[in-house]
Amino acid sequence: SQGDSTHFRPNLSGEKNERIQEHKLKTKVKLYPPTNLTVQYRPDSHLWFEWRQIFTHCVESEVRYRVNDEDWEKSTVASSQEYCINLPSNSSLYELQVRSRVSYSCGQSEEWSDWSQPVLWGNRSITDLARAPLPDSPMVWHVVLYCVGGATLLLLLVMLLHNERIRIILIPVVPKPSLVPHDLQEWLDSSKGLKEVFKTNHLERTCFYYMSTKTV
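Going by my numbering, the sequence shown opens with residue 403, and the numbers climb by one from there.
No lab work stands behind these hints: they were computed from the structure.
Predicted model only: the values in this text are computed from it and were never measured.
Do not rely on the hints blindly, as some may be mistaken.
Unchecked claim - The following label-pair restraints were derived from C-beta to C-beta distances:
(1) 443 <-> 550: 23 to 33 Å
(2) 474 <-> 445: 22 to 32 Å
(3) 442 <-> 552: 30 to 40 Å
(4) 446 <-> 543: 46 to 56 Å
(5) 443 <-> 477: 45 to 55 Å
(6) 555 <-> 525: 53 to 63 Å
(7) 481 <-> 444: 42 to 52 Å
Where is the CB? At the ideal position from N, CA and C, for every residue including glycine.
Take these sequences, add in the hints, and give me the full structure.
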């Protein structure tokens, strides 16, 4: 219709020919993201997600939510500013967002608003936390190993300083060599005795072995 489009009739190079170009502006309208987001568990055992949009009419919304960081589930909400999740689990973590655009009844826009800020409800179970992936960055593991190693060394030092028995076991005391003169003299005397024992006695009889050879 005439109200839904704008006509431009430029005169090209002074010629009499005119070119009409239509721009349907309503299809390019982009709304602001919804605000005043609330999520509430009600006595009817349902989880209700509500929001506010500047326009209260001619607006349709799209809600997306996910449980425990899994895939998003999307649903379209027409002429309403609330969404219901049936029988939610309080041991799971729900994350919800919503966006809006001009509805079909008022000349539907092709542009959705940006997603709203996320709102959270529930708690992640211990099982889900155990399944969560561990950080795979090598730098993180290096920092952890350095901290553990440093703490272990510090603990050992404290134990050695406060426990004499453990210190003796781990680091035995090496006795210093004695330099007392009388001990040195005893060692020299014993060496002389050994020397006399192994001294050759020329008075001992020498054993001879005779070998006979036969000629053929």
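Output the numbers, in ascending order, of every earlier hint that fails for this structure. Of the numbered hints given earlier, those the structure breaks are 1, 3, 5, 6, 7, listed in rising order.
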